[in-house]
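> Each chain, letter by letter, is given below.
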Amino acid sequence: MATAVLDIEYTQIPTEITGLNRYSRALVLIRLKGRPVGQVSMPIINGHISSTNLYDALIGISDWPFWEYWLQDYLGLDKLHATSYAPPLATIAVCTRNRTEDLQKCIESITQLPDERQEILIVDNCPSSDATYYLVQGFSNIRYVREDHIGLNAARNRALREARHDIVAFIDDDAIADHQWLSALLRNFADPAVLCVTGLTMPRELNTEAQEWFERYSPFGRGFRRIVFTRSSINPLVAGRVGAGANMALRKNILELVGPFDEALDGGTPTRSGGDTEIFSRILNMGYRVVYEPTALCWHRHRRTLEELQKTLYGYGVGVYAFWTSCLLKGELSVFRLAWNWFSHDQLRRLVRSLLFRPDRFPINLILTELRGCIAGPFAYLLSRRRLYKKNRSNA
Amino acid sequence: MKPIWGIDRYEFLHILVRYHGKPIRWVYFNNRSYQRVVSAERLYEAITEQIWSKLGMALIMDQINHKIPDKLRLPPISIVVCTRDRTVQLTNCLQTLMTIDYPDYEIIIVDNAPSSEKTAQLVTNFPVRYVREERPGLDWARNRGISEARHSIIAFTDDDAMPDRYWLRAIASAFAESEAMTVTGLVVPAELETSAQINFEIGYGGMSKGFRRRTINRNGLTMRELLWASNFGVGANMAFRRELFESIDPFDIALDVGTPSKGGGDIEMFHRILAQGYTLVYEPAAIVWHAHRRSNSFLSLQVHSNGCAFGAYLLTCARNRTVSRLSILHFSISEWLGWWIFRRMFRPNGFPRRLILNELIGASLSPFAYWRAQKHAKKLLKSR
Amino acid sequence: MLTYYRAGDYIKKTEAMLNNIRVSIIIPTHNREASLKRTLDALCNQTYPLQNMEVIVVADGCIDGTINMLKHYPAPFVLQVIEQSPHGAAAARNRGAASAQGQILVFLDDDIESTPSLIEAHTLRHYGRSWQVVIGYSSPVVQGSADLFRMGLRSWWEDKFTSMNKPGHRFTYSDLCTGNVSLETELFKKVNGFNQDFLCREDYELGIRLIDIGASFIFEPNAIGYHHETSDLYKHFKRVYQEGRADVLIGRYHPRLLPILPFSSFKIPGSFFRRTLLRFAFKFPKIVDAFAVRLRTVSDLLEWLRLRKRWHQLHSALRYYWYWRGVSEELNTQQAFDHSLPCRLFHADKDFSCMEIDLSKGIEEAEKRLDQERPEHAYVLYGLHPIGHIPPNPGAERLSGKHLRQILANELAVPLLKALILEKAISAAGTSYQRFPHSGQFSVEKNAHKSA
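Chains A, B and C are the protein sequences, given in the same order.
Each step along the first sequence adds one to the number in this note's numbering, with nothing skipped, and position 181 is 238.
Each step along the second sequence adds one to the number in this note's numbering, with nothing skipped, and position 193 is 194.
Each step along the third sequence adds one to the number in this note's numbering, with nothing skipped, and position 148 is 149.
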């Protein structure tokens, strides 16, 4: 049965939540004064959750993020920080391709954000119809740009070039932004060494089995503590830990400081993913900082069917190895050790658990799909680069 | 909070901290210098030092939880204590039961195949009902207790256990707040004087199942969790609604203390209740103080019996087909034998290896024990 | 980099310009012609009226084409060139300040390329306040390839400025970097300028004296200058050596600071190997020096192999070694060493002014009291429960109200929480919280639920 996704504010816990007969479990995001402090998974009995059940579950969230935010609130530090720093102006960019339904919900949530004089930019990447164009026309004050060079990273680069403001905040077209999303991202740019801020991505719905598996296999969330990543605190080759490209904000001048997104990577190219990891690692390598800010929350709709899930996991396998291949070509020999570590600690363990039918095991076809993706990764990267090279040559 | 006196014999203090009656956590206090008394300030210090975040959470929860009902319905409860030739412990138990703060309850002592009249004589001093069950077996006694009980909620405890003052209140509130059919509670050690008791409580895990209240239902459980029924509670502290026994079979008479299977009757009942879709609530505010076995030989016997009992329980589940037999088989090999016993052989974590070995021996003997118990039970049924 | 002006500053800006405050910019230089030219070019583009600026370049023993370049430099502002034989940067700055006509002195280094609003930002900060030391933001621009050392260096600079930018930062003497700092000429003369005995860390030493006299430090993030760091590993270790010597001198001139200087926490290492190594190093310094220099190639190798942790270990070991070589150079004999090590048991209450803060009466109340009394250290309590001690720091400014909240949130966070819990002063909803329409429970939008 499905899992309900709920969002509860600590100071306003409802007495009862009913109407959950479709669901057998609930994933509850807990907030304290609007800031997410933890999540809890609990069973649903007879279609409702009483407040006693909630209390029992909530009492387990006595971790440091909760107390840290509580103390900050008590001391009034949020207001203090707010007055001392005027955040910059931002452009919200959504790169999309043939997903008008999801995009509509996304745009609706973005237009309802509090006004901080942001501009909204939709980059339509090689669409097969004009549906997105007409959808955007239905909203006022949204810029529409069409990028015919296929590739998610190409779209992102276009967004960076087209943006009028200094910060570009990216969100996936199948995600919905939370109320404080933009302000949480922007306030972290006070430190000039920070080039990128990533946020927490929670699943919007966990109705199908595929979505539940995705959330368990490779969740987007990176915890509830704000972390500042520098080159000395994390190995740039495992930059996937700093966050996900589904929810990130970059400075516009990243094009000069670090360089554009690698257009041989990520969706739309044979490598399918890994474009965001690559830019994170490049930012870290150049000595800049990446901040993971869990208050910048967005809700992502995972793929609903198992076939799509397989394709996504395959894409992840390809993406990681493609990224490592790109590092290898720059002389980073330690990717071999990393690949071996990942395989032996993570993938092999999962495989063995699955073969032995241990509890909490992953379906074996998902694991094998990811492994197939890993094997295909390096070749995919080389293929993608050749295509890019040919295209550039023919354009020039 | 008041200072604690007379602790010069003790090196450590194991303190159960409660807030408004709800247990929060254990706090460990070090008395290496063998002082005679510890002051309230030092206690405060030690407590806040170790569990400040849980205390803070309890405070906040208290404030949010403003729907505290003033008039809690307190239905009458029957307490059933099954005993067999243990008058000393039973005296303690009865004395504690007299001090329970609850408006309406009755106590039934089920004397199980006694060898003498001592229990009957002891019981005349207390305002309790005495019932005698000649067929040996704890589950026979429990079933007799169920049939003798008059009220709608039946609470079980052991003869070597001492329930807390607010035990019944906690049980009543747990029943009132949910549609649970069963409520189990927290069992904490009454004393930790000997090394056997310390080993049992700290090395083995004791009988406590944690401090978080849980509502358990088949929906939220994986197969593995459902089979680890010993995580749901202990027979020394459990309560049922009477109407439950109209829809499911009573305690399995081939199990538990007094039969060759040496235990497992309580966990088998929990498992069956959940497997049939009812709800069980583990309420840590319902506290029972249990006197663990003092001597090491008893401890090894206990551990041996645990191994035997769990095996018998699994075989009973297989017989009843509450879950598929293949999953029970898989569970016994990978989870029970593999994870619980063998893994702890390699990493004992302070628990003596020979005791784990004892448990393993008990486990391996469990099929025979089960078979013998089944024969024994059939014989007893026939001779009714 | 962007500048964020606050609304009130615009008004002050025009008034300051109307008042015609003269600003003297002092740049000491030593054989860095190209860098100096870049600095001067940047100063030509200042938004501050150039007629109110004068730039004094003190050429400290320059033998390259610097003097020539300066003679032919077409400056739109008053440009004074002072030549002197090499006496060090401190002496150069003092000399420059002595011939300065302006009311505000701005010290810049020759590798700082200022943004057009640098002088203006400095001046605005001084306007209406006195005895202010304004520290500007020297944004590091690290030359050369992105190797571990340069990344570390840049990180170090950025961390410094980020912590200075935080609202409740307690400034210490080590926050003052003469690469980009401004203060009033009167104040500078009052403290008698830089101490010329110092070859490096003369800015820290000036900082100590400024704090002692009660000047207030402030960080101005809009006074941005790009600091073109040309340091490399070799120069870095040489500098660490000089820093060791400088620290000893600081200890001599300001014995109050001895407890907090790094070298005063020296301990004879426990292991036999290390002790022998130490003795060997002190007996035959030249040999070990040469060896240490060779070890740099090892560090390059480690970096090439991407063994970051080992590189960091080697790097810190070498730093440690060079620092102690500097210290031992100044303290030639064992007796001098023993004498200079302070008695660690300084009595906090006797030597430093102290205060007790009780938070149970409210944080604003505590802040007000701190602002009134400005103690050097404070004991913090909540009612009857002790929370902690804000220790005295001889090199840091005195405590004031603005420091309190940051300290409570960082160092004293856990004890504060414990005290609050003990006093049952915890509540979930301190202030009323507005539920935003879109946060929460949208995925159960079809379901009815009752709110508390």
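Derived by calculation from the structure, the hints in this document are not laboratory data.
Keep in mind that the hints are not guaranteed to be accurate.
[To be verified] Okay, the calculated beta carbon distance ranges per label pair:
no., chain 1, residue 1, chain 2, residue 2, range
1, C, 175, A, 410, 30 to 38 Å
2, B, 14, C, 217, 36 to 44 Å
3, B, 368, A, 158, 56 to 64 Å
4, A, 98, B, 42, 38 to 46 Å
5, A, 117, C, 366, 57 to 65 Å
6, C, 308, A, 72, 41 to 49 Å
7, A, 419, B, 368, 44 to 52 Å
8, C, 384, A, 117, 28 to 36 Å
9, B, 42, C, 308, 48 to 56 Å
[Stated by the list, open to error] Calculated pairs, SDA-like style, for lysine to any residue (alpha carbon to alpha carbon, straight line, at most 25 Å):
no., chain 1, residue 1, chain 2, residue 2
10, B, 23, C, 423
11, C, 369, A, 289
12, C, 236, C, 192
13, C, 161, A, 125
14, C, 403, C, 258
Only a predicted model underlies this, so the values are computations on that prediction, with no experimental measurement involved.
Each residue gets a CB set at the ideal place from its N, CA and C atoms; glycine is no exception.
> The structure should be examined with respect to each hint, and the outcome stated for every one.
Structure-based check of each hint:
Range check, residue 175/C to residue 410/A: Cβ separation about 53 Å, and the 30 to 38 Å hint is violated. The hinted window of 36 to 44 Å between residue 14/B and residue 217/C is violated, with their beta carbons roughly 52 Å apart. Against the hinted window of 56 to 64 Å, the Cβ-Cβ separation of residue 368/B and residue 158/A comes to about 59 Å, which satisfies the hint. About 40 Å separates the C-beta atoms of residue 98/A and residue 42/B, a value consistent with the hinted range of 38 to 46 Å.
Remark: the range hint 57 to 65 Å for residue 117/A to residue 366/C is contradicted by a beta-carbon distance near 36 Å. Roughly 58 Å separates the CB atoms of residue 308/C and residue 72/A, a value that falls outside the hinted 41 to 49 Å. The hint said 44 to 52 Å for the Cβ distance between residue 419/A and residue 368/B, and at roughly 34 Å that hint is violated. Here the CB-CB span from residue 384/C to residue 117/A is close to 30 Å, well matched to the stated 28 to 36 Å.
Judged by the Cβ atoms, the range 48 to 56 Å given for residue 42/B and residue 308/C holds: they are separated by roughly 52 Å. Taking the CA atoms of residue 23/B and residue 423/C, the gap is near 17 Å; set against the 25 Å cutoff, the hint holds. This hinted pair does not check out: residue 369/C and residue 289/A have alpha carbons roughly 40 Å apart, beyond 25 Å. Annotation: proposed proximity of residue 236/C to residue 192/C is violated, straight-line Cα distance about 31 Å (limit 25 Å).
For the hint pairing residue 161/C with residue 125/A, the CA-to-CA distance comes to about 24 Å; that is within 25 Å, so the pair holds. A distance of roughly 24 Å separates the Cα atoms of residue 403/C and residue 258/C; the hinted pair therefore holds under the 25 Å criterion.
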